[in-house]
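2 protein chains.
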Amino acid sequence: MSSIFREEIGEQPAVAARLLSEAAGPVAEAAREIRDADPAGLLIAARGSSDHAATYAKYLFEIRNRLPVALAAPSAFGLYGSPPRVERFCVVGISQSGASVDICTVLEQARDQGALTVALTNQPDSRLARAARVVLDLRAGPERSVPASKTYLASLVLLAMLSDALDPDPDFSRALRKVPDSLRQAIDLEGSFDPVVEALDAPRMAVLGRGYHLATAEEVALKITETCYSVAEAQSIADFLHGPVAAVEPGFPVLLLEAAGPALQQMRELSKQLAGLGAQVVRISDDRLDDRMAISVATGLPESLTPLPLAVAGQLLALRLALLRGLDPDRPRGLRKVTITL
Amino acid sequence: MSSIFREEIGEQPAVAARLLSEAAGPVAEAAREIRDADPAGLLIAARGSSDHAATYAKYLFEIRNRLPVALAAPSAFGLYGSPPRVERFCVVGISQSGASVDICTVLEQARDQGALTVALTNQPDSRLARAARVVLDLRAGPERSVPASKTYLASLVLLAMLSDALDPDPDFSRALRKVPDSLRQAIDLEGSFDPVVEALDAPRMAVLGRGYHLATAEEVALKITETCYSVAEAQSIADFLHGPVAAVEPGFPVLLLEAAGPALQQMRELSKQLAGLGAQVVRISDDRLDDRMAISVATGLPESLTPLPLAVAGQLLALRLALLRGLDPDRPRGLRKVTITL
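Sequences listed follow chains E and D, in order. First residue of the first sequence? That's 1 in the working numbering, and the numbers climb one at a time after it. First residue of the second sequence? That's 1 in the working numbering, and the numbers climb one at a time after it.
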């Protein structure tokens with residue numbers, strides 16, 4: 001069964017390559033403005049998949065750039081009409097459509113307070129873009145599938161480019177240029193997904209990551225919930241061990257997002273602990289694993305960039321799980337492409 | 001069946017009353033230090049239930065005090081060893097035990113950077129307290145049940161007192177003094193819980209709130225997951241409508257946390273929409289509802305304080321659901337009282 005979601009997943013290497021060659025100018029301008037403003041931190045407003053891109057930004061800018069990142073509660077700005085004083089922050093809005101009323105409200109009020117505002121959007125003529133001093137265009141082309149794929153990936157690429165422009169590092173720049181190939185590598189693995197897909201054919205599951213891959217866990221869990229109607233709960237392994245681990249019983253499926261880095265040892269220990277409880281543990285990993293219950297996307301990228309290929313593997317996993325269940329991944333029940341929340 | 005969890009739930013009116021009469025001094029000192037430091041915002045580090053108290057703090061300080069609040073990613077400080085520069089923030093740690101290594105690390109590094117540090121803990125001689133310039137003692141007495149109740153409530157009371165000390169308002173102060181009675185009122189309702197408890201006897205469910213009650217949704221979902229082993233996913237209704245709503249099918253249980261305030265109309269509309277999809281909608285509300293599928297805790301408190309009695313109702317709901325299933329709420333499988341994450 002052909003699907004628009006699958007088609008758009010396949011476009012991602014080209015989307016990443018296009019940004020790397022065309023977006024350097026606006027990214028450099030954003031970096032210059034941020035350096036001039038010298039903000040106490042970034043405040044990022046986003047919903048859905050874009051909010052998971054914001055989670056990636058939190059780890060990336062805090063660890064690579066040592067810049068604190070807060071995720072906005074849009075209702076404080078809109079619904080409650082009592083916005084926090086954000087003039088010492090750089091306020092960033094991420095929205096594919098640029099039309100989410102609550103996200104636009106955050107940027108407009110921040111601009112009116114005098115804060116530096118930046119928009120990441122696929123619609124550079126949108127209301128969100130008009131509220132921003134600097135606009136970073138996702139350049140992803142129209143996204144027609146309800147579950148987002150290429151606009152999520154494009155947000156991550158732009159955020160990584162911005163992080164590099166703020167604190168340039170030749171190794172990181174070189175790795176960034178390898179991202180399109182790494183995405184192709186993830187896509188080429190699709191044929192080997194069946195054992196993992198079948199293991200996740202369940203009404204509920206946990207999707208766990210830590211550090212940089214908390215974002216990947218959130219995004220993959222959302223893809224699975226949207227396209228397969230499973231309740232897939234995403235969490236940091238640290239929070240999972242503070243309570244939700246109690247729900248694990250024999251056969252309970254757990255998907256681990258696992259990449260080389262300081263969190264790896266903890267992930268491996270958790271994996272053993274969960275297997276001991278009888279959980280059905282499967283993995284998406286950047287390691288070369290000889291394990292049919294793992295999808296191995298061994299790209300050699302630094303941990304800060306593995307969220308890009310691993311998210312693509314997760315999108316394909318959600319797609320194949322939907323097809324296994326005879327569901328149409330392009331049109332999840334109850335959802336529209338643009339969700340308006342006030 | 002008697003349980004320690006039930007006993008500690010019952011202690012909460014006394015815990016709140018004790019804080020209101022004994023903690024005013026340290027709270028005033030914390031407010032003075034924060035005013036002097038004039039931070040760009042608060043950065044709060046916490047795990048588990050304490051992290052839900054941090055979510056409450058986000059709405060409370062952003063809306064009441066117009067002070068931006070960021071929730072810390074502890075791994076940036078500890079695991080990755082590359083802490084963000086937080087000297088322009090007031091850094092707050094919340095931990096019942098004061099022993100969570102990752103939370104202590106955040107406060108220690110913030111102190112070493114020169115940031116103002118504040119600890120909320122039930123152990124005023126703990127490592128967390130030693131890293132803080134100002135210590136707010138939860139004064140909750142030993143908490144023996146693994147699922148937290150009175151230390152969560154005590155954190156909320158202290159946060160509300162601190163918000164009031166920063167921006168005093170006689171109406172808010174008066175309402176705060178009514179909190180112990182409102183908790184008694186929630187506890188006295190326990191006998192009427194059966195229809196709601198039976199409706200939630202399912203392996204998976206969603207627990208939804210918005211604004212101030214996102215924290216309540218997170219905490220009640222965790223109580224249900226810990227004590228009843230259901231996968232209970234907590235979300236803002238805004239995020240829920242961006243994807244997870246697709247998982248709703250006939251009979252799917254949804255628990256709404258609903259209080260008078262700007263989000264109420266949206267909650268009511270969502271409730272109708274979910275009922276239209278065949279979901280089994282139950283509510284914890286601060287309205288006087290004539291509906292056996294609602295727990296009505298009509299306290300007359302302002303929305304900013306309803307998270308306290310509604311959380312207590314949610315604790316009792318989790319307790320009764322555990323008892324219905326023949327589970328021991330004091331000792332969830334796989335959990336210990338103090339979870340050490342590095």
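FYI, nobody ran anything at the bench for these hints, they're computed from the structure. The beta carbon of each residue, even a glycine, is placed where N, CA and C say it ideally should be. Be careful, since some hints might not be right.
[As the list claims (entries may be wrong)] Facing chain D, according to a computed beta carbon distance under 7 Å, are these residues of chain E, among others:
| no. | residue |
| --- | --- |
| 1 | Ala76 |
| 2 | Tyr80 |
| 3 | Ser82 |
| 4 | Gly243 |
| 5 | Pro244 |
| 6 | Leu327 |
| 7 | Arg331 |
| 8 | Arg333 |
[To be verified] Going by beta-carbon spacing under 7 Å, a handful of chain D positions derived as facing chain E:
| no. | residue |
| --- | --- |
| 9 | Gly48 |
| 10 | Arg85 |
| 11 | Val86 |
| 12 | Ala99 |
| 13 | Val101 |
| 14 | Gln113 |
| 15 | Pro195 |
| 16 | Thr225 |
[Claimed, not checked] Anything over 10 Å on all C-beta distances counts as not near chain E; from chain D, calculated:
| no. | residue |
| --- | --- |
| 17 | Ser3 |
| 18 | Ile4 |
| 19 | Ala14 |
| 20 | Gly25 |
| 21 | Arg32 |
| 22 | Asp36 |
| 23 | Val69 |
| 24 | Glu108 |
| 25 | Gln123 |
| 26 | Asp125 |
| 27 | Leu166 |
| 28 | Glu226 |
| 29 | Asp291 |
| 30 | Gly300 |
| 31 | Leu323 |
Each hint tested on the structure:
1. Ala76: holds (4 Å)
2. Tyr80: holds (5 Å)
3. Ser82: holds (5 Å)
4. Gly243: holds (5 Å)
5. Pro244: holds (5 Å)
6. Leu327: Result: violated, 10 Å to nearest chain D Cβ.
7. Arg331: With a minimum Cβ separation of about 10 Å from chain D (threshold 7 Å), the hint on Arg331 (chain E) is violated.
8. Arg333: holds (6 Å)
9. Gly48: holds (3 Å)
10. Arg85: holds (5 Å)
11. Val86: holds (6 Å)
12. Ala99: violated (13 Å)
13. Val101: With Cβ-Cβ at 10 Å, over 7 Å, it is violated.
14. Gln113: violated (10 Å)
15. Pro195: violated (23 Å)
16. Thr225: holds (5 Å)
17. Ser3: holds (16 Å)
18. Ile4: holds (16 Å)
19. Ala14: holds (25 Å)
20. Gly25: Per Cβ check, Gly25 (chain D) is outside 10 Å of chain E; nearest 27 Å; holds.
21. Arg32: holds (19 Å)
22. Asp36: At roughly 17 Å from the nearest Cβ of chain E, Asp36 (chain D) sits farther out than 10 Å, so the non-interface label holds.
23. Val69: violated (7 Å)
24. Glu108: holds (17 Å)
25. Gln123: holds (17 Å)
26. Asp125: holds (23 Å)
27. Leu166: holds (13 Å)
28. Glu226: Violated, since 5 Å does not exceed 10 Å.
29. Asp291: holds (24 Å)
30. Gly300: holds (20 Å)
31. Leu323: Per Cβ check, Leu323 (chain D) is outside 10 Å of chain E; nearest 16 Å; holds.
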